[in-house]
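**Q** Note that the protein sequences, when read in sequence, are chains A and B. For what it's worth, our numbering labels the leading residue of the first sequence as 669, then goes sequentially. For what it's worth, our numbering labels the leading residue of the second sequence as 16, then goes sequentially.
You may find that some hints are simply not true.
Some chain A residues judged to face chain B by a derived CB distance under 10 Å, without partners named [as the list claims (entries may be wrong)]:
hint, residue
1, S718
2, W731
3, L771
4, D793
5, G851
Below, in silico cross-link-like pairs of lysine to aspartate or glutamate (EDC-like), each with a Cα-Cα straight-line distance of 16 Å or less [said to hold, decoys possible]:
hint, chain 1, residue 1, chain 2, residue 2
6, A, K817, A, D773
7, B, K73, A, D713
8, B, K73, A, E907
9, B, K73, A, D769
10, B, K66, A, E758
It is worth saying that the hints were derived from the structure and are not from the lab. Backbone N, C-alpha and C fix where the C-beta goes; we use that ideal spot for every residue, glycine too.
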Amino acid sequence: MRKVRLALALTLGAALSGCVETRQYADVQFTPPQGDYKLLVLRPDVTVGSITTGGMVEPRADWTDQARAGIVAALRAQQAERGGHVQIIEHRNELAGVTPDELADVERLNAAVDESIVIHKYLGDYLPTKRGRGLDWTVGDGAIQLGRKTGYDYALFLHAEDQVASTGRVVLGVLGAAGCIVGFCAPNIGGATQLDYASLVDLKTGEVVWFNVVRAGSQVPGIKFGDLRTPQGAAQMVERLLGRMKPGLAIRRAQAAH
Amino acid sequence: MCARCLELSRRSLLVGGGIGVAALATGTAQARIRPADMVPLIGPGFRPTDKDEQGLWKEMERAEEEIAGSNLLIQDPELTGYLKNIIGTVGGPAARDFRIYLAHIPDFNAMMFPSGFAVVFTGLLLRMRNEAQLAGVIAHESGHFLRRHQIRSWRDQRRKSDIFAIGAMMAGVGGAGAGVYLGDYVQLAQLGTLLSLFQYSREMEAEADAMGARLIADAGYAPVEMANIWEQLIGEEEASARYRRKRRRRGGLFDTHPSEGSRMVDLRADAAEVTVPGRAYNACRERYLTTIGSIRPMLLDDQVKLNDPGASQYLIETLARDGWNGLLRFYEGEVWRLRNRHGDDLRAAQSYAAAVVYPDAPADAFRWHGISLMKEGRGPEAKAAFARYLTMKPDAPDAAWVRQMMG
């Protein structure tokens, strides 16, 4: 009996260890876009896969397409509500006035900048030179040129990956949990995980003005934290990622002073 | 008592496992795959219909867009058209479906992606001595696609990791239920799974070699040239290792590819098998050299700057087996000059002096020949070499300095 109670406690504990976590950073002078603004969303990078029994991730084309459609729809609805005009492009040749190569340059540079933000803001490798300066990164002239040529105010880069535990993986997790009764406890073999991040670039200054990462996951297969394949899950993700944009430090201080 | 018998069985298990691993190790030299057995598994215009393969192709869409737009690619239409022609000749049923990109990377490599696009590195173009060799490598890559290797190895990995995960969990739970520790078995099973994955990968490479030999022979290229590639690569690696006073790495259990030696031997046998008596086979050396002529200086320049003098020297000497010329002599000199060991300045000077005799000597050969002569105190001759350099390259960035040297 004591063993069973212990097993339950462990399983519950492990279930609770899975969670949704988000952390955003903004330029000190950042005010969330509101009213009549023009937003360009560059090639949202969405992948949905299935975790096999053995723990490999199998990409799924149909699920990825469903998720992408859901995210695009949710994004349009959300931005329209805020008053923004949004264009979402899927390929580099879809943007009038900009060659695919120019766009590729901005995208690649942004990817490198994003990587640097993740290293120095999220993974613990903090830079003393950037302490207290909010988000202090820029994509530079390329982004300004892009804004000048297209007339957009902001560019949004979005990445979303979702891994759904397959039936086999869930069964393996159940087996691991059942093992707790006999003393071999392995319920937390890793289940569904979602990783999303977005960066917003001000195309007038070239600066990355806002960055957010959402991580949702469960150590126990079978427990879900939002499923990108469904319209609700996609809308929930867009809301978690872009819903509550906080203004920058200086703006918040000014607001508090009033 | 029971602890004792468990101890015994655990020891016997490890001994048995050791023997098993040793058996696998000797098994790295697996039986040759016959080209005749290598039939393409797909037809023209193949599109995936299974969910897992569709997923793989979907991921590749973005990868291909990224690669096709990469600034590392060489876009020269003559060269890319040439590669496209070759894959169109040796690509079997999928010949018209392939895409091929040339990346400016000075390494011996080429790869095929799951959705049918190939990337060839410029380092490959430097090493190939004729079109048949290049066609052999491209045919090998086509073989991966035609034999559906990517999805087959993915499924193999998925199946083996599934079996291992279930087995490990069963061993844990079952063992705990029965009060026995089975961790050793689990570890051994893990090693076994891992080794069988590498074994499977080597088998795919052997299949692609056999398929490639068949494809190039059908297209009329001399099939033995594929075996020659490996002979050259072994020589290059030995030369590179010797210079660094190391030994060349031999094949091991954790290799994804069969050892170069076994590939060479198998390919020789393949070549004999696919050769039809009385049929003429070509290496097409002239056409190859003419086509890559425009980038050959760049290829050699990339190589000598890799700081691998052993390999560079071997490569230049191998290419020179088809005849020395000004370009090869100049880069031979560059290998010595950049190596800069005792006496290398004299070796370099000799190479530059030999280079300038050929009509195709590059301008830089005259520049370095001039500098070497200057060091030897042969001013007037140096001046002539510098003058020649400036005529060949009037807007050289160092023209002012060279004029000053001329006095």
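**Q** All hints, please: hold or fail.
**A** Now the hints, each set against the structure:
no. : hint              : verdict
1   : S718              : 8 Å, holds
2   : W731              : 8 Å, holds
3   : L771              : 9 Å, holds
4   : D793              : 26 Å, violated
5   : G851              : 5 Å, holds
6   : K817(A) / D773(A) : 15 Å, holds
7   : K73(B) / D713(A)  : 12 Å, holds
8   : K73(B) / E907(A)  : 26 Å, violated
9   : K73(B) / D769(A)  : 22 Å, violated
10  : K66(B) / E758(A)  : 23 Å, violated
Comparing the model with each earlier hint shows violations of hints 4, 8, 9 and 10; every other hint is respected.
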